[in-house]
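Top to bottom, those sequences are chains C and H. My numbering numbers the first residue of the first sequence as 1 and each following residue consecutively. My numbering numbers the first residue of the second sequence as 1 and each following residue consecutively.
Read the hints as simulated data drawn from the structure, not as lab findings. Beta carbons: idealized from backbone N, C-alpha and C, even for Gly. There's no promise every hint is true.
As the list claims (entries may be wrong) - Per the computed footprint, the stretches of chain C lying under chain H, defined by three or more beta-carbons under 8 Å from a beta-carbon of chain H, are: (1) 8 to 15; (2) 33 to 45; (3) 133 to 142; (4) 173 to 184.
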Amino acid sequence: MKTLYVDGNTALHRLSPRVKLAGLMLASILLFLTRSPLALGTALALAIYLYAMLPLGFKVSLHRLRPVLWTIAVVALFSFLVQSAEEATVALLRLSVLMLLAASVTATTTVSAFIEVATEAARPLERMGLVNAADIGLAIGLVIRFVPDITGHYQSVRDAHLARGIKLRPLTVVVPLIILTLKSADEVAGAIDARGIRNQKA
Amino acid sequence: MSTRDLVLTALFTAIIVALGLVPPVSVSLVPVPIHAQSLGVMLAGLILGAKRGTAAVLLFLLLAAIGLPVLAGGRGGLGVFVAPPAGYLVGFAFAAFVAGFLSERFVNARQSGFAQISGFFLAAVVGGILVDHLMGVLWLAYGPTGLGLTKATIGTLAFVPGDILKAGIAALAARAVLAGYPLLPHRA
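The following block holds chain H by itself, in its conformation from the complex:
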């Protein structure tokens, strides 16, 4: 990793932390407040690409593990890694990797804006929603909570609509950042 990559990674981790500190913003259409921290995780993959995006999320999880109150609501410490939603938290790293991996392949600077937004949206849905929820469900089903696969899946479905909205916001934001300050590595 070059020094610039290291700094970009650390700065993005700081953005994810800061997004957990700001009050949640509500969107006028849906009465669900947007929890900005998981939005930051999706954006890490979409904006920095697979390698730096995953590194930024791993650094974020490391900060939480060593007892810095970096999670939304000032939580942190090793306890959050054994709590019921821990699968979603660890899943963040895989989510950023998959979202970054896909957007490196789907999106490039020469495409139209619509194609870029669609590519980012697909990457955010597969990485940020599918992969993260899969990890979350596996931990709920087979971790200390022991809910079983069917019940855990039913539980997770309640959060999917809100997350799809988040993926949409992430796609629009990633495309705007790509236009203003491109960082995503391109791959055929």
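Next up, chain C with everything else stripped away, as it sits in the complex:
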């Protein structure tokens, strides 16, 4: 799977992921404290500048932002029709700033740096006995490892349909796909325990 991270050496890349996430959270609170189009417009200009500084290239940037921009546009239009132009402008500006800032953090932080933050953040939960923090990294690795296998299962289920001249229907695809996939759970769990990866006592 290709991640949304882009290589580079900008100031954002060098900043610690914790600082970036805290900054994003702070920005989302600040944006709600004002309704002034001038302040929000300035924030948008800054966010665009920040995002444009990333080594993404215009085409890739547009490709990444298009789906989210699209939903923002639809909601702004809905808001304009049922509420007022002012409401629509505020929503449009706030959402665009937040989305650009979030996309900037995503593009400048590696998956392993994020896993580290998630593991750190789970430590208090671990002390409460809710999760094993080290499992988070293991689980993420398992998902990335198994997605291609499952799309492979999907291909074979589809081929089986085609070979028998049956139409593809959600039910007849999803059920064999799930059973095929979950049946390998015991084998995978056995392999993990045999290698002592989780250091469990029980």
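Given chain C, put chain H in place with the hints provided.
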């Protein structure tokens, strides 16, 4: 969590991701393509139960948050958590929990097939539709979009018929998986 539970959770997350990659399937009766990813979320609760189902969805959301393009259409990143439909996305975790919690109580292996399907359908409607749409509406109404409660509710109603169809498919699929490879923990 035992290693087997951890693996089942991760495998189901992978199924939810994979369902976002396959092209949407259309059902012959209704001209709406079935968006398979939210079907996967309902199924996580119905098939794995509350605890593992919620964990599978939380893992899915974590993958999206850290920038893996796991959402349908190859989307991902922190941006999707502030976009207008973010409430529905975060609501997935609550949906899986409620759907799992209810199906653990409504469904057991000794019931007739019809009773099992009805139990799963009820759990999918309450968890997958009621809870998810409630979260979605709250975010649309009071989040950065600020639509207000009435307008957000009107907006969400357009998607309910399609979701009821999805709950029906989820119930039939969950019952078929229960018959073929039972995993749901039973509770009185």
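A quick look at each hint next to the structure:
| no. | hint | verdict |
| --- | --- | --- |
| 1 | 8 to 15 | violated (count 0) |
| 2 | 33 to 45 | violated (count 0) |
| 3 | 133 to 142 | holds (count 6) |
| 4 | 173 to 184 | holds (count 10) |
Taken one by one, the earlier hints fail for this structure at numbers 1, 2, listed in ascending order.
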